[in-house]
Amino acid sequence: MAAERALLDVQDLRVSFGEGPRARPALDGVSFSVRPGKTLAIVGESGCGKSLTALSIMRLLPTPPARITGGRILFDRGDGPALDLASADRRTMRRLRGKDIAMIFQEPMTALDPVYPIGDQIGEVLVEHEGLSRKDALARAVELLRLVGVPSPEERARQYPHEFSGGMRQRAVIAIALACEPALLIADEPTTALDVTVQAQVLRLMRDIQQRFASSILFITHDMGVVGQMADEVVVMYLGQVVEEGPVSAVLSRPAHPYSQGLIASIPTLDMPRDRVLQPISGMVPPIGSITTGCRFRTRCPHAMEICRRDPPKVTTPAGNSASCWLVEEST
Amino acid sequence: MSWILRRLDAKGILGFAILAVVVLCAVAAPWLSPLDPNAQDLASAIAPPAFGGGTAEHWLGTDRLGQDVLSRIIYGSRVSLVTALAAVAGSALVGTVLGMIAGYFGGFAATVVMRLVDIVLAVPFILLALVFMTVFGPSLLNVIIAFIAARWTQYTRIAYGLVLELREREFIQACVAAGLTTTDILLRHVLVNLAGPLLVVATLELGFVILIESGLSFLGLGTPPEVPSWGGMLQEGRALINVAWWLTTFPGLAIMLTVVGFNFIGDWMRDQFDPRTGSVRPTEIGSRD
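Sequences listed follow chains A and B, in order.
If you read the first sequence in my numbering, its first letter stands for residue 1, the second for the next number, and so on.
If you read the second sequence in my numbering, its first letter stands for residue 1001, the second for the next number, and so on.
Okay, chain A solo, but in the shape it has when bound:
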């Protein structure tokens, strides 16, 4: 069976902060792939490197101090061999950004320029990448606002960001991202800054859009509940490494890695007994670069053993998820 060609294939990605002997690895051999039309979620605590991964793909890392020190980011543009974004030149990247890969940022309150009307900001991308005239771009902007569910888009397109509520702004940000119908949409915690009710609306919108445009989504979040609603596949990251990956149903129902188990055990559910105490993961995320060998999670893992000082093998479970842990049983 020939494997379906991945839209985005990240292979052994390494990112470091700083130079020479004082360089600290922030991403340490991250690999995953996003299939066409599917949603891949990257989950993890703050500082695990999930946002850094997104910025690396977009080549928006603050350089210096951060830089890509190894690995490949293969992006399939549909024509010819896949392009390695890790080594693409600035010009190629600029043309790709916004057109083939678009990004939705976390904070809708600050992701829009306060001095331009919303319609102009959506149209700007179209003028840049599609060569539309300003007038055509504005007309298309109104269509996009309607598409993302902004009521009376003709008037709203002429309004400024401060006249939009948080949820409406995030819709406008999504409209900008969708303007050129990108093959890949990177969403960096797009709902974290929103109220729960608005959050659900925005998530539903993103799912609708995905079906309509058949685009892939790389969804970055720390919220396991959101993962269940959005993703087809999950990658769990800890301290710059992938500790577990697999289909969303397998990872959520039968997490193999102790860290994934910990993340899922710490979600409150409605049907759990009222006197049950949520299980937090003990300790704090250690600073990057402090643990560079063996299982990075061993300092907080309830099952830590002597063998965890050695790099754990990557093992695939019967459920279909693969985890890097000495405890996981091989599926054979």
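There's no promise every hint is true.
Stated by the list, open to error - Cβ-to-Cβ under 7 Å is the rule here; a few derived chain B residues that face chain A: (1) E1170; (2) A1178; (3) N1193.
Claimed, not checked - The following label-pair restraints were derived from C-beta to C-beta distances: (4) I1126(B) - R90(A): 40 to 48 Å; (5) S290(A) - R1167(B): 23 to 31 Å; (6) V1112(B) - P64(A): 16 to 24 Å; (7) G283(A) - V1112(B): 45 to 53 Å; (8) L1093(B) - E143(A): 49 to 57 Å; (9) P287(A) - R1167(B): 21 to 29 Å; (10) R274(A) - V1192(B): 50 to 58 Å; (11) G320(A) - D1184(B): 42 to 50 Å; (12) I1119(B) - R22(A): 27 to 35 Å; (13) I1126(B) - R95(A): 50 to 58 Å; (14) G294(A) - L1121(B): 53 to 61 Å; (15) R22(A) - D1184(B): 55 to 63 Å.
Stated by the list, open to error - Chain A residues, not near chain B, derived (Cβ > 10 Å throughout): (16) R24; (17) E45; (18) V248; (19) A265; (20) P313.
Because the hints were derived from the structure by calculation, they are not lab data.
Every residue, glycine too, gets a C-beta built ideally from N, C-alpha and C.
For this one, chain A is given, so just place chain B on it according to the hints.
Below, chain B alone, put in the same frame as chain A:
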């Protein structure tokens, strides 16, 4: 335009009114001035103003050469306005471009630009202008060049600081992520967000140039004597201050009023751009979900 009218307070109205009068004088000087500013009439030299015992022919009196003071003040507004606008436009352009480059790209560019700012700021401005005018000779153009050479730093410092902050704002990153070119980002998104504060500085600088130009003319290093200017009139009138008070009082008043007018406009604009007092850019008071 209507929002400007709606937001005008007393200070704003006064500022714009004074500016309007000065601009009118400069533009319509040949029609407004009762006499040729350079016409000499030694027979009626040092005539007092009409309300001080003089005749209605010279409302504000005449100077040593019998030139009409009112006409010279009206024509003098041209020198003041042209110098002020050209000097401020030039220094704002140079300063803003350098400040934006330093702030946005940082690194070596920032070091070079900001150290240059330190050097220029370390030299007293009036000294710099005096040296410059002595070397290159007194002319209107040289006054403008001297001013640009010294005052661009005002805009650079402010632009630099603001760009440093803007660069970290998410929407600038979003622009990069949307594939816009650096030039587009700088011109369409960074510059436009700097416009408010820089405009306020520019307005206050307008008043300052007028003072400096008058000062240089007073020292004999500004405009040549045949061009009527307020500073030049002060210098000529200084020797006769005991016998002809009107020769220094009226040009002095013209300078003061114009500077006050520009400062009022600057204050008013600063209030408008300040989120706490103003309303040009309402802050995050929009409803949240």
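Going down the list of hints, with the structure as the test:
1. For E1170(B), the shortest C-beta to C-beta distance to chain A is roughly 4 Å, which falls under 7 Å, so the interface hint holds.
2. For A1178(B), the interface hint holds, since its Cβ comes within 7 Å of a Cβ in chain A; the closest pair sits about 4 Å apart.
3. With a cut of 7 Å, the hint placing N1193(B) at the interface with chain A holds, because the nearest CB-to-CB distance is about 6 Å.
4. A beta carbon spacing of about 46 Å between I1126(B) and R90(A) agrees with the range 40 to 48 Å that was offered as a hint.
5. Taking the beta carbon of each, S290(A) and R1167(B) are about 30 Å apart, inside 23 to 31 Å as hinted.
6. Here the CB-CB span from V1112(B) to P64(A) is close to 19 Å, well matched to the stated 16 to 24 Å.
7. Taken as a hint, the range 45 to 53 Å holds for the pair G283(A) and V1112(B), whose Cβ atoms sit roughly 47 Å apart.
8. Checked against the hint of 49 to 57 Å, the C-beta distance between L1093(B) and E143(A) comes to roughly 39 Å, which is inconsistent with it.
9. A beta carbon spacing of about 26 Å between P287(A) and R1167(B) agrees with the range 21 to 29 Å that was offered as a hint.
10. Separated by about 55 Å at the C-beta atoms, R274(A) and V1192(B) satisfy the suggested range of 50 to 58 Å.
11. A hinted range of 42 to 50 Å holds for the C-beta pair G320(A) and D1184(B), which are about 46 Å apart.
12. Distance hint check: the CB atoms of I1119(B) and R22(A) are about 34 Å apart, consistent with the given range 27 to 35 Å.
13. I1126(B) and R95(A) have their C-beta atoms about 52 Å apart, which keeps the hinted 50 to 58 Å range intact.
14. Under the hint 53 to 61 Å, the C-beta atoms of G294(A) and L1121(B), about 56 Å apart, fit the expected range.
15. The hinted window of 55 to 63 Å between R22(A) and D1184(B) is violated, with their beta carbons roughly 36 Å apart.
16. Even its closest Cβ contact with chain B, about 22 Å, leaves R24(A) beyond 10 Å, as expected for a residue assigned away from the interface.
17. For E45(A), the non-interface assignment is confirmed: its Cβ lies about 21 Å from the closest Cβ of chain B, beyond the 10 Å cut-off.
18. Here V248(A) stays apart from chain B, with its beta-carbon at least about 26 Å from theirs, past the 10 Å limit.
19. Every beta carbon of chain B lies more than 10 Å from that of A265(A), the smallest distance being close to 31 Å; the non-interface claim holds.
20. No beta-carbon of chain B comes within 10 Å of the beta-carbon of P313(A); the shortest separation is about 37 Å.
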